[in-house]
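Go by the hints and put chain B onto chain A.
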Amino acid sequence: MAVKLFIDAIRDALFHAMREDEQVFVLGEDVGVRGGVFRVTQGLIEEFGEQRVMDTPLAESGIVGVAIGAAAMGFKPVAEIQFVDFILPAVNQIISEAAKMRYRSNNDWTCPLVIRAPFGGGVHGALYHSQSLEALFYHVPGLKIVIPSTAADAKGLLLAAIRDPDPVLFFEHKGMYRLIRDEVPDGEHIVPIGKATLRKTGDDITVITYGLMVHYALEVATKLEQEGIHAHILDLRTIAPLDREAIIEAARHTGKVLIVHEDNKTGGVGAEIAAMIAEEALFDLDAPIMRLAGPDVPAMPYNAGMEKFYMLNPQKIEDAMRNLARF
Amino acid sequence: MAEVRMPKLGESVTEGTLGKWLKNVGDAVSKYEPLVEVVTDKVTAEIPSDEEGILIEIAVAEGETVRVGTVLAYIEQSRPASEQQPVLVESNQQHKAIEPLTTKQRYSPAVRYLAQKHAVDLQTLSGTGFAGRITRKDVLASLQTVNEQKETDKPLLPPTEEKHDIQTIAITPIRKTIATRMTESARDVPHAWMMVEADVTKLVKVRERNKKSFKEREGIDLTYFPFFMKVVVDALKEYPMLNSTWTNDGILVHQGIHLSVAVATEDALVVPVIHHADRLSISGLAHALSAIATRAKTGKLTLDDVSGGTFTINNTGAFGSVLSKPILNPPQAGILSIESIIKRPVVLADDAIAIRSMVNLCISIDHRVLDGLITGRFMKLIKGKLEAFDVTMDV
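Residue numbers (my numbering), protein chains in the order written: chain A, 1 to 327; chain B, 1 to 395.
With the rest of the complex left out, here is chain A (with noise of 0.2 Å):
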């Protein structure tokens, strides 16, 4: 065991995959021999070579079209997709193809893909760099979508998006590549898809959320606490499917939700959990449930203020958290 960065861990998974299992390759804009833009793949075309590494055109659709029919040959590829914002190009073949392979073939065909891609704000990527599009994909049946918030959960989730027999998007969040890092068990280490954690107990509020926001949450949830505000944070890791009973079980625990993500508010995971939250734990509500999300706004701004204004951010989930609490 030893402290990584968040980058090494998902780079960990990889070696540790490829070297387990000949028919894990990836695929990806510059992921051979520049090593990814963001370094994530340095160092597989060294060991592993060009045949399971292999540097694609530009063409996201081509990339996942390929990646999909070598799954469905029993490949395991694992695409990367350089930025999430370009993973529209290949809506078609995820939603159309991936997704509904097993289902269209009535369990005749699997499709054992994965697709990683880099997500979200704040590093001054403007309107093609920085998106959040976990909302675009969790409303279609037949794909998983995990956001990792640590170092070890994303090299054991990664792992388990490799093993699992069906298509997994795995977005990463790319403020946290060389900001997070933590202890992550060496060798095989898998974290199951579906499953929340509780990254903190209390029992004024419940702070439900993902991605770098754990992190954001956390830091504010100490300071709350010299104030005597305690707060539930809930670290869902997989978008789709839900933990269902562990966001009742957090909701219930103290009846007041705060549910926060970077992605734009209407239409977001927020609404799916706090519809799910009203339908199952309405008697134990104390308050109103609430959400604190990015703006509807199309695009995250390139002008540092602007981006300011547009990115969530521990004074504006602690103020949420503060209203949440006195209420």
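Calculated directly from the structure, the hints in this document are not laboratory data. Predicted, not measured: the structure shown is a model, and the values here were computed from it. None of the hints are false.
Facing chain A, from chain B, some residues (calculated, C-beta under 8 Å): (1) 109; (2) 110; (3) 113; (4) 130; (5) 135.
Over 10 Å on every C-beta distance to chain B, these chain A residues come out as not near it, computed from the model: (6) 2; (7) 83; (8) 91; (9) 109; (10) 141; (11) 181; (12) 182; (13) 294; (14) 303; (15) 309.
Ideal Cβ placement from N, Cα and C applies to all residues, glycine included.
Quick look at chain B alone, frame taken from chain A:
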């Protein structure tokens, strides 16, 4: 502002006892919407609002008895804006300033749920939430305090069983009414009692033979009671003095026979009336009885249903009783109990012993109106009719 007054709920009714208030101060009230329950003479009626508006004051508390015409509540009418202004000015001049409405406490589902589950009176708690809102934690904290209190209380008190010996049951308005009327009757009316026994073997046969076809045809069970009612009504026609009322100005002999029938519900006794029972056949009486018993048990009796009885017949046999001493139902002069039908060995006219179905009939009379002679003849007639049923009779 409109006044809601105690209405006159029947000819001889001069007062009424308030049951439950169905609206709280501050509630919006629609026209004709029930405001409060009133209990009179064993019937519960709902008083509707004559106005649309807000209930701003309740003047008479639940359980209080007030005379007809007493103001029970005030309603602030809501009218179209054009009309409202002058009305408000006028009412402000006539009445003292109306107290501003208190903001109703708002509770979250969790708080309501906990309060209900643990019987917490939320009015006694003070809230720590926004604008004094009572939070879930406030309720949980109060529960903990109560539990701690219980814990510390335990060793201090010596274990006494007496504390648990007596349980006080609150007196409902209808219970109070029954108590008052029965006390009055037992105190003011000189009761005389008499019992006869009748051989109803033939009646039992008639009922046995008819009950299946009757149920199929009429949809209700054929019990013995309508037969007894029929016989009693016929006897009352011949002895109208049993169907009368004592007053200091003279004895009122009623022309119509309106039979009061005692119906026991879990918490009270009600005595609905079958009007003009003398006009009904056995089948008609069975239907009237079924309808009225259903209304009584579901609490749907109307004032008319409980008014105007002239004689009471009581089916004490249903409880397995063989002898009872009923208290008169004022202002009636007679009340008759039909006891259980029981098979007994009986000595017949020819000195033979046979097993017969026997029933006891117990009557209480107002001795001011009647003496034993008339009552004896009345009971003898009933006995004769009961014993003379034609076993081939179809109901």
